[in-house]
Amino acid sequence: MATKAIPPQVGAHMPVGSDTQLQGLIDLAKTGDQKAKTLLLDHSCERLLKLTRRMFRGYSSLRRWEATDDVFQNALIRLHRALSQVEVDSVRHFFNLAAVQIRRELLDLKKHHFGLEGSGSHHHTDQQPPDEAGGSLSSATEEEPADLGMWAEFHSAVEKLPAELREVVDLVYYEGLAQEEAATLLDLSPRTLKRRWQDAKLKLQEQLCERPH
Amino acid sequence: MNDRTKELLADLLLRWEELHDRGQDTPATELAKEHPELIPELERRIKLLKKIAWLDKPLDDDPPGQGGPTGRPPASPRTLAGRYRLDELIAEGGFAQVFRAFDQELQRTVAVKLPKPGRLHATDEFLAEARRAARLKHDGIIPVHDVGKDGDSCFIVTEYLEGGSLADRMANGRLSHEDAIRWITDIAAALEHAHLNGVIHRDVKPGNILIDQHGRAKLADFGIAQSASKTGSFAPSLGTLKYMAPEQLQGSSVDPRSDIYSLAVVLYEALTGRVPYPSAEPNALRREIVQGAKTAPDRSVSAAVKAVCDKALNKSPHQRHASAAQFSAELRRAAVCAPSMPWRALASIPLLVGVFLGGYFLIPLKPFAGLFSDPATRAQRLEEPNTGPEVQQDMNALGQLSAEKARELSQHKGGLALNGLTTLSDEAANALLNYNGWLSLNGLTSLSDTAAMALATGRGNLHFEGLKTMSDEAARALSQRWGNLYFNGLTSLSDGAAEALSQHKTNFLFLNGLTEISPTAAESLSRHEGPLKLDGLKSLPTEVAQALTHHKNQLYLNGVKTISPEAAEALGRHKGVVYLEGLTTLSDEAADLLRANAEIRLPDRFRQ
Numbered sequence: 001m002a003t004k005a006i007p008p009q010v011g012a013h014m015p016v017g018s019d020t021q022l023q024g025l026i027d028l029a030k031t032g033d034q035k036a037k038t039l040l041l042d043h044s045c046e047r048l049l050k051l052t053r054r055m056f057r058g059y060s061s062l063r064r065w066e067a068t069d070d071v072f073q074n075a076l077i078r079l080h081r082a083l084s085q086v087e088v089d090s091v092r093h094f095f096n097l098a099a100v101q102i103r104r105e106l107l108d109l110k111k112h113h114f115g116l117e118g119s120g121s122h123h124h125t126d127q128q129p130p131d132e133a134g135g136s137l138s139s140a141t142e143e144e145p146a147d148l149g150m151w152a153e154f155h156s157a158v159e160k161l162p163a164e165l166r167e168v169v170d171l172v173y174y175e176g177l178a179q180e181e182a183a184t185l186l187d188l189s190p191r192t193l194k195r196r197w198q199d200a201k202l203k204l205q206e207q208l209c210e211r212p213h
Numbered sequence: 001m002n003d004r005t006k007e008l009l010a011d012l013l014l015r016w017e018e019l020h021d022r023g024q025d026t027p028a029t030e031l032a033k034e035h036p037e038l039i040p041e042l043e044r045r046i047k048l049l050k051k052i053a054w055l056d057k058p059l060d061d062d063p064p065g066q067g068g069p070t071g072r073p074p075a076s077p078r079t080l081a082g083r084y085r086l087d088e089l090i091a092e093g094g095f096a097q098v099f100r101a102f103d104q105e106l107q108r109t110v111a112v113k114l115p116k117p118g119r120l121h122a123t124d125e126f127l128a129e130a131r132r133a134a135r136l137k138h139d140g141i142i143p144v145h146d147v148g149k150d151g152d153s154c155f156i157v158t159e160y161l162e163g164g165s166l167a168d169r170m171a172n173g174r175l176s177h178e179d180a181i182r183w184i185t186d187i188a189a190a191l192e193h194a195h196l197n198g199v200i201h202r203d204v205k206p207g208n209i210l211i212d213q214h215g216r217a218k219l220a221d222f223g224i225a226q227s228a229s230k231t232g233s234f235a236p237s238l239g240t241l242k243y244m245a246p247e248q249l250q251g252s253s254v255d256p257r258s259d260i261y262s263l264a265v266v267l268y269e270a271l272t273g274r275v276p277y278p279s280a281e282p283n284a285l286r287r288e289i290v291q292g293a294k295t296a297p298d299r300s301v302s303a304a305v306k307a308v309c310d311k312a313l314n315k316s317p318h319q320r321h322a323s324a325a326q327f328s329a330e331l332r333r334a335a336v337c338a339p340s341m342p343w344r345a346l347a348s349i350p351l352l353v354g355v356f357l358g359g360y361f362l363i364p365l366k367p368f369a370g371l372f373s374d375p376a377t378r379a380q381r382l383e384e385p386n387t388g389p390e391v392q393q394d395m396n397a398l399g400q401l402s403a404e405k406a407r408e409l410s411q412h413k414g415g416l417a418l419n420g421l422t423t424l425s426d427e428a429a430n431a432l433l434n435y436n437g438w439l440s441l442n443g444l445t446s447l448s449d450t451a452a453m454a455l456a457t458g459r460g461n462l463h464f465e466g467l468k469t470m471s472d473e474a475a476r477a478l479s480q481r482w483g484n485l486y487f488n489g490l491t492s493l494s495d496g497a498a499e500a501l502s503q504h505k506t507n508f509l510f511l512n513g514l515t516e517i518s519p520t521a522a523e524s525l526s527r528h529e530g531p532l533k534l535d536g537l538k539s540l541p542t543e544v545a546q547a548l549t550h551h552k553n554q555l556y557l558n559g560v561k562t563i564s565p566e567a568a569e570a571l572g573r574h575k576g577v578v579y580l581e582g583l584t585t586l587s588d589e590a591a592d593l594l595r596a597n598a599e600i601r602l603p604d605r606f607r608q
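Order-wise, the sequence lines are chains Z and R. Mapping the first sequence onto the working numbering, position 40 (from 1) lands on 40, and the numbers just tick up by one. Mapping the second sequence onto the working numbering, position 503 (from 1) lands on 503, and the numbers just tick up by one.
These are calculated hints, taken from the structure and not from any lab test. Hints should not be assumed to be uniformly reliable.
Pairs of lysine to aspartate or glutamate, DMTMM-like flavour, derived with a Cα cap of 25 Å [as the list claims (entries may be wrong)]: (1) Z/LYS50 <-> R/ASP21; (2) R/LYS575 <-> R/ASP472; (3) R/LYS561 <-> Z/ASP33; (4) Z/LYS160 <-> R/GLU566; (5) R/LYS47 <-> Z/ASP33; (6) R/LYS468 <-> Z/GLU159; (7) R/LYS51 <-> Z/ASP147; (8) Z/LYS203 <-> R/GLU247; (9) Z/LYS203 <-> R/ASP11; (10) R/LYS51 <-> Z/GLU142; (11) R/LYS51 <-> Z/GLU180; (12) R/LYS51 <-> Z/ASP33; (13) Z/LYS203 <-> R/GLU281; (14) R/LYS33 <-> Z/ASP147; (15) R/LYS47 <-> Z/GLU206; (16) Z/LYS203 <-> R/GLU88; (17) R/LYS6 <-> Z/ASP199; (18) Z/LYS203 <-> R/GLU37; (19) R/LYS51 <-> Z/GLU144; (20) Z/LYS203 <-> R/GLU499; (21) Z/LYS37 <-> R/ASP3; (22) R/LYS50 <-> Z/ASP33; (23) Z/LYS50 <-> R/GLU281; (24) Z/LYS35 <-> R/GLU288; (25) R/LYS315 <-> Z/ASP33; (26) Z/LYS160 <-> R/ASP3; (27) R/LYS50 <-> Z/ASP108; (28) R/LYS33 <-> Z/GLU159; (29) R/LYS50 <-> Z/GLU206; (30) R/LYS6 <-> Z/GLU167; (31) R/LYS137 <-> Z/ASP187; (32) Z/LYS50 <-> R/GLU37; (33) Z/LYS37 <-> R/GLU281; (34) R/LYS57 <-> Z/GLU180; (35) R/LYS57 <-> Z/ASP33; (36) R/LYS315 <-> Z/GLU206; (37) Z/LYS203 <-> R/GLU17; (38) R/LYS405 <-> Z/ASP108; (39) R/LYS50 <-> Z/ASP187.
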């Protein structure tokens, strides 16, 4: 069994992620340390919450549900259950599974709140139009999904990416790893990782541009 | 596009991104001035990357907004199936809404539960819920009146209770301890019935506990209940995180102990005004349930009640109460012992007679009403000898003891000898729970844990001379009985049972059938505070003698024929009277050591 100690920067209640040097945790998890698995699971649940908030942030009338609504709690519980069963013999495998689960839950959340198709999925939001949101360099042209229907299209688009690109999106976006950490995990050079991340973004945006409005 | 062009474009784009990250929006014309043929494609790609640049932004951590549903939707004007007029939305979850409604045919108020639009499998699940609830007939379970369809939607009609839910009561302030414990034991009764019928509720929470006009609590919403034998079916909801047992959260198998855990969370909240794991943020809450330490209740909760709560909240199901009935019995016992409980009020708490087997009757604790008049006189009254004539019931003529006959007998004041009875059903034992007099059941050769638990609550001596063995759980239950315990038929005693019996208080404990005993069991029994009779022991190994020296009351060892100097030396340190009147041989050394303790009773010939 593992003899390495948990990195001091990774406290029991501190969400792990790119800002907390996930690498130490990954190394530890590879040795089979149970505490490390618990922290990895915590990390994925935390990502689900953050991604959910992002998806729903335009819906002020729904912002409180994340803490109270049993639909979100169900998503969290399902994720916890699914990942509890996973053996962390491969951290990469764990993250892949976790990302798939997170994506599935995000898609389910959309379905639960606005039904399977259409009715309300392109719901009007309280979010400011991008051009009114500020004048930073990128925000003038960014097209972050503005409603749950568009978010669902984004998550579905990720599903359609080639495996090697999807895995990068899984790690960097869904799991929130820094690019360096993702490169290490995938045993790629940082430059190759950057290339794949960029390719993935291009393909995603191309798919999203093709959607009917 | 050949590979070299692809590589070149990728390099240029990476360069653009690096500069962009530094705040420089470098145009394609400048980046690709040495490869002008690539400029159009580079511009297109830059434009795409700009559009999806949000993907690189860290997810913000903004706290949940203060917005939210701006109040309950207005009451629907609908009438379902031409009969049920929906008057007011009274509860809403992620998957369903509950309305106060009016049944226009029977002219009565009812509650109607409707799935929210667009929920998957709502019809099947709703029908399954209705079937589950309908087959559970119990005073503590909200009955299903009807199931119907209105268009594509299915609905369930149940009894409507005016008193609102326990959640409503708690929202209005902390509950009195006696109310809290009465309601929790009500629900434990309902759960026991459900469990015995193979149904696990899986969503026990204050919102699903309704209070009727008589102040009794009832369990509602079997929406996610599942037959104990059935797993893996679709359920629209998985439970409520705040009240969820760790094993339920982790997807492990769920059994009645998961419901007991949830009920204990409700108990904790009802007593203290907060849940054991108070995080409002679901992720933190999830962590705490699985691996966190719960917050300690305040001092208003007695140590005894806290101990029951702690046991039921154990993260390991194996460490919790084995059944809702056991949880209820321990809770009532703990509440009775709690110095802060108003005794008179507590005496009105209904006892769960019949609850253990799903009976429907709740008998108020009337015979105890005087008993609990104040704590000071309680112990004294418990010690009062039973009065009244003895009843010798010829059980051979009677055959099996029916619950009805047991209830009739339980009205008798005085002793009750049912020595011809060879088996005691749980129903009959539950009926005898209310009986306060000595009880002789010497014909019994076995005793179920449930029956033992029922008999533990009364007072008066208990005679079980026919029992050869006893489970640890039965011993634990019976140790709580006020009165002498006669177990002279026991020929063996496990260490666990001995440990359990050591909790028996100041009355006699008769274990004269034991011919030998382990040092561990002896050590446990030595903590028994009342007289201890072990007259069946033929010898006394030194280790056993040493263990028994901690006993501080009368110790009967009249079956021992001889004793070694080492054992004699140990018994010489015993602080109470030790009876060794069966000794036949004794060395001078051992005799001297025993005679040194004036409290040791020896045969005449070994006295000085």
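Hint check:
Restraint check for Z/LYS50 and R/ASP21: the C-alpha separation of about 23 Å stays at or below 25 Å, so the hint holds. Between R/LYS575 and R/ASP472 the alpha-carbon distance is near 28 Å, which puts this suggested pair outside the 25 Å criterion. Taking the CA atoms of R/LYS561 and Z/ASP33, the gap is near 59 Å; set against the 25 Å cutoff, the hint is violated. Restraint check: the Cα-Cα separation between Z/LYS160 and R/GLU566 comes to about 83 Å, which exceeds 25 Å; the hinted pair is violated.
Taken as a hint, the R/LYS47 and Z/ASP33 pair is broken in the structure, with Cα atoms around 45 Å apart against an allowance of 25 Å. With a CA separation close to 67 Å, the supplied pair R/LYS468 and Z/GLU159 exceeds the 25 Å bound. This hinted pair checks out: R/LYS51 and Z/ASP147 have alpha carbons roughly 16 Å apart, not beyond 25 Å. For a cut-off of 25 Å, the pair hint linking Z/LYS203 to R/GLU247 is broken: about 42 Å separates their Cα positions.
Proposed proximity of Z/LYS203 and R/ASP11 is supported: the alpha carbons are some 17 Å apart, at most 25 Å. Among the hinted pairs, R/LYS51 with Z/GLU142 is consistent with the structure: their alpha-carbon atoms are about 4 Å apart, no more than 25 Å. With a C-alpha separation of about 24 Å, the suggested pairing of R/LYS51 with Z/GLU180 holds against the 25 Å cut-off. Taken as a hint, the R/LYS51 and Z/ASP33 pair is broken in the structure, with Cα atoms around 41 Å apart against an allowance of 25 Å.
A C-alpha spacing of about 36 Å is found between Z/LYS203 and R/GLU281, which places the hinted pair above 25 Å, so the restraint is violated. Note on R/LYS33 and Z/ASP147: the hinted pairing is violated, with a Cα-Cα distance of about 40 Å set against a maximum of 25 Å. Taking the CA atoms of R/LYS47 and Z/GLU206, the gap is about 11 Å. The hint holds against a cut of 25 Å. Pair hint Z/LYS203 plus R/GLU88 does not hold up; C-alpha atoms about 50 Å apart against a cutoff of 25 Å.
For the suggested pair R/LYS6 and Z/ASP199, the alpha carbons sit about 11 Å apart, so the restraint of at most 25 Å is met. Taken as a hint, the Z/LYS203 and R/GLU37 pair is honoured in the structure, with Cα atoms around 22 Å apart against an allowance of 25 Å. Proximity of R/LYS51 to Z/GLU144 is assessed by CA-CA distance (about 7 Å); at most 25 Å being required, the pair is judged to hold. In summary, the hint linking Z/LYS203 to R/GLU499 is not supported, as the alpha carbons are separated by about 70 Å, beyond the 25 Å threshold.
Pair hint Z/LYS37 plus R/ASP3 does not hold up; C-alpha atoms about 42 Å apart against a cutoff of 25 Å. With a C-alpha separation of about 41 Å, the suggested pairing of R/LYS50 with Z/ASP33 is violated against the 25 Å cut-off. Between Z/LYS50 and R/GLU281 the alpha-carbon distance is near 12 Å, which keeps this suggested pair within the 25 Å criterion. At roughly 14 Å between alpha-carbon atoms, Z/LYS35 and R/GLU288 fall within 25 Å of each other, so this suggested pair holds.
Pair hint R/LYS315 plus Z/ASP33 holds up; C-alpha atoms about 21 Å apart against a cutoff of 25 Å. For the suggested pair Z/LYS160 and R/ASP3, the alpha carbons sit about 23 Å apart, so the restraint of at most 25 Å is met. With a C-alpha separation of about 28 Å, the suggested pair R/LYS50 and Z/ASP108 falls outside the 25 Å cut-off, and the hint is violated. With a CA separation close to 37 Å, the supplied pair R/LYS33 and Z/GLU159 exceeds the 25 Å bound.
For the proposed pair R/LYS50 and Z/GLU206, the alpha carbon gap of about 12 Å is at most 25 Å, so the pair holds. With a C-alpha separation of about 21 Å, the suggested pairing of R/LYS6 with Z/GLU167 holds against the 25 Å cut-off. For the suggested pair R/LYS137 and Z/ASP187, the alpha carbons sit about 62 Å apart, so the restraint of at most 25 Å is broken. Between Z/LYS50 and R/GLU37 the CA atoms are separated by roughly 42 Å; this puts the pair beyond 25 Å, and the hint is violated.
Restraint check for Z/LYS37 and R/GLU281: the C-alpha separation of about 21 Å stays at or below 25 Å, so the hint holds. As the CA atoms of R/LYS57 and Z/GLU180 are separated by approximately 16 Å, the hinted pair is consistent with the 25 Å bound. Among the hinted pairs, R/LYS57 with Z/ASP33 is inconsistent with the structure: their alpha-carbon atoms are about 31 Å apart, more than 25 Å. A C-alpha spacing of about 50 Å is found between R/LYS315 and Z/GLU206, which places the hinted pair above 25 Å, so the restraint is violated.
Simply put, Z/LYS203 and R/GLU17 have alpha-carbon atoms about 16 Å apart, close enough for the 25 Å limit, and the pair holds. A hinted pair counts as satisfied when its Cα atoms are at most 25 Å apart, and R/LYS405 with Z/ASP108 does not qualify at roughly 58 Å. Our distance criterion of 25 Å between C-alpha atoms is broken by R/LYS50 and Z/ASP187, whose separation comes to about 28 Å.
The structure is inconsistent with the numbered hints 2, 3, 4, 5, 6, 8, 12, 13, 14, 16, 20, 21, 22, 27, 28, 31, 32, 35, 36, 38, 39, although it conforms to all the rest.
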